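K.L.:
Fit chain G to the known structure of chain S by using the hints.
Protein chains in written order, with our numbering: chain S, 1 to 244; chain G, 1 to 265.
Bear in mind the hints are in silico, worked out from the structure with no lab data behind them.
Quick caveat: nothing in here was measured; it's all calculated off a predicted structure.
Accuracy of the hints is not assured; some may be wrong.
Straight line, CA to CA, 20 Å or less: simulated DMTMM-like cross-link-like pairs of lysine to aspartate or glutamate [stated by the list, open to error]: (1) S:Lys56 to G:Asp94; (2) G:Lys253 to S:Glu114; (3) S:Lys56 to G:Glu102; (4) S:Lys56 to S:Glu69; (5) G:Lys60 to S:Asp31; (6) G:Lys253 to S:Glu5; (7) S:Lys21 to G:Glu255; (8) S:Lys56 to G:Glu115; (9) S:Lys226 to G:Glu30.
The chain contents come next:
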Amino acid sequence: MNRQEKEEYLREYSILKSQGKPFFPYAVAKDSIMAVVVMGVIITLSIVLGAELGPKADPTTTTYVPRPEWYFYFLFELLRIIKPNWLVPLATLGIPTICLILLFLLPFFDRGPERRPEKRPIATTLGIFVIAAMAYLTYLGASAGSPNSIELATPASVKQSGGTMLAQFEAGRQVAAQSGCLACHKFGENGNAGPGPPLTDVGRNLPAGAISRTLINPTPPMPSFKDLPKEKFDNLVVFLSQLK
Amino acid sequence: MKLKLPAPPIPASLKSPPRRPDEERPSKVEGAKEAGISAVDWVDERTSLSGGVRWMLFRKVPRGTNWAYTLGSATMFAFLNQAMTGVFLAMYYDPSATNAYESARYITNEAFLGEFVRGMHKWGSTVMVVLVFLHMGRTFFWGAYKYPRELNWVVGAVLLVLTMLMSFTGYLLPFDQKSYWATIVGVNINGTGPLVGPYLNDFLLAGPDFGATTLSRFYAIHMLLVPGLIAALIGAHLYLVARLGTTAPPWLKAEKNPELRKESV
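Bound conformation, chain G alone:
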């Protein structure tokens, strides 16, 4: 079973002509050139992944989609940036009340490119929030949340809340004055909530007050719980986009088949 790759979109004159019947069969060296395809073939024979990949990549996107339609993937890219820089920060960061500030200071002032990576994480969060709002604005104003995409809007709204939660929990981690006091106020506001407020606070703070384990709890929420949820929900979000198709701009009307129109004139 040979996997057939689709022909690349290049002019016909550049494509190599098919083998003529009287030509020699490709030698072993020639065959080695196809090693990549053979390897993909081997994996596909055991996983049948090619169908899904083809379904995802070669689906059609309606005509008229413009740059505003790249905001979603840009948001996902900003999330990937956060994940990557976050991994490097986690290599040096120590989530204990006594060492957190010192490790943040070490990252900022001493680690190689430390401030640069921390800056990318910090500003990446700002960029991600801006992109989330732009993406949501596009979806709202162009009515892209309507039938049949209602569920994907809900998934997106959950992703928005999770993104805000990420920025709230991440704000505390450097453990400087600003982050500490902003978190105290935020947590206290949360505590005034009806019914669940105080319980939610006990969970967030790991106790009634800001204590020794609060920081590690914020750290676990920030780098394990919420990112996992975000990654999973991005998967669901993308599946639904591929399943239902990218929306067309609302002003676009489907033209009747031009061939049919020609005949009706």
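Next comes chain S alone, as it looks inside the complex:
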């Protein structure tokens, strides 16, 4: 806006303002009605949906696939759909940071005098696009199931060796399914494709030792599983190393 446009706006605004009504009581009345509505909605939600408390936090057994509050679903989903490993930092921080910086600086690069949405096609289209993208990502994040089972076939070699090996493999399958691995890794048809790599045949690339080192000291954002009980941890390593 140049100086003339600024003065024009201020003049126009001062006329509109002088034709308005005082804040108190007219706007205050509307605001108060709105406050009562907000309070009513909050109380209704509290009575109808309550505040459930899940089982106590336990760093060792994690039958929970971590899920954030619903308004973070779009971030969560962004993380899930960006697949290549080297792009993950872009999803977790790059895109949100850039969007946030653009949001902060909005009034400094959009300085045109026009305020009507239909006369600002670029801004309005972008705004609708961002809302639609966030709504779509939120929907995807909400509808993404959190499967707690892994349906991979037991490899023939494990079946043959039988005994302890087979028992450990099946126990490890349970541990993997219940420890939230599926939130970020794909096992055959189960689990989410990313941000972690698929583990369908992880044993082909990594020996047991490397797998257990990764579990203890993983690359973020993967949590460490060093607090799992020894037996469960060993079963998990056997299960993963036999996936070939």
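P.N.:
Frame of chain S, contents of chain G only:
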């Protein structure tokens, strides 16, 4: 010095007529009725607050403002709800790794109206986030962030980030499975950030790993640091709104003074 209150907007027939010169002066009992005004007067004589209050309350709001303009105050109201219910939750909550879950369970299952208040806090946060986004959408689509209100947009954007930070830190506090693991993942994501990521994580977790003091740190951020910042910035946000005036809907054009138009015809 007598403070003069503005006349209430009631029909003229309901207003009491002014005292006639031959009438008796009001008695002491009558004077006692004005005790409230005298008290306000006493405070005003020592603070000169009435000017500011008048400036805030009796400023004009442009014509054409509609219900979409109540979203900002509704957001503030949701924040007040969070503050109030938060105070009651803090009376019972114990931010230590060993007792946090037990105290949350006590609030939910045993304290009088505990689950109701916790539900109001939990759902109030959802309502507040929704209102923040609606308020921002209105401001964006109607171009209300443009000259001269650029700075208020920036203040609002900071408030948005702080609101999200509130919901992130509050999510951990009940210390159930869901909140613990969601926080671990969130913190790890944060740790991948360039340059400051790991340092920010050390600050958030009070150490390299989730430990005994992490919970109390989240608690302090959630109930002291961020709410203080939010309250202060709401003050700045409101001051700027009052200073610059509520925007008019963008479609509204200022009509020339109707009196002038009458003469030009």
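K.L.:
Next, verify each hint and record whether it holds.
P.N.:
Here is what the structure says about each hint:
A C-alpha spacing of about 15 Å is found between Lys56 (chain S) and Asp94 (chain G), which places the hinted pair at or below 20 Å, so the restraint holds. For the proposed pair Lys253 (chain G) and Glu114 (chain S), the alpha carbon gap of about 12 Å is at most 20 Å, so the pair holds. Note on Lys56 (chain S) and Glu102 (chain G): the hinted pairing holds, with a Cα-Cα distance of about 9 Å set against a maximum of 20 Å. Proximity of Lys56 (chain S) to Glu69 (chain S) is assessed by CA-CA distance (about 18 Å); at most 20 Å being required, the pair is judged to hold.
Between Lys60 (chain G) and Asp31 (chain S) the CA atoms are separated by roughly 15 Å; this keeps the pair inside 20 Å, and the hint holds. Among the hinted pairs, Lys253 (chain G) with Glu5 (chain S) is consistent with the structure: their alpha-carbon atoms are about 15 Å apart, no more than 20 Å. With a C-alpha separation of about 16 Å, the suggested pairing of Lys21 (chain S) with Glu255 (chain G) holds against the 20 Å cut-off. For the proposed pair Lys56 (chain S) and Glu115 (chain G), the alpha carbon gap of about 17 Å is at most 20 Å, so the pair holds.
At most 20 Å may separate the alpha-carbon atoms for a hinted pair to count; Lys226 (chain S) and Glu30 (chain G) exceed this at roughly 79 Å.
Comparing the model with each numbered hint stated earlier shows that hint 9 is the single one that does not hold.
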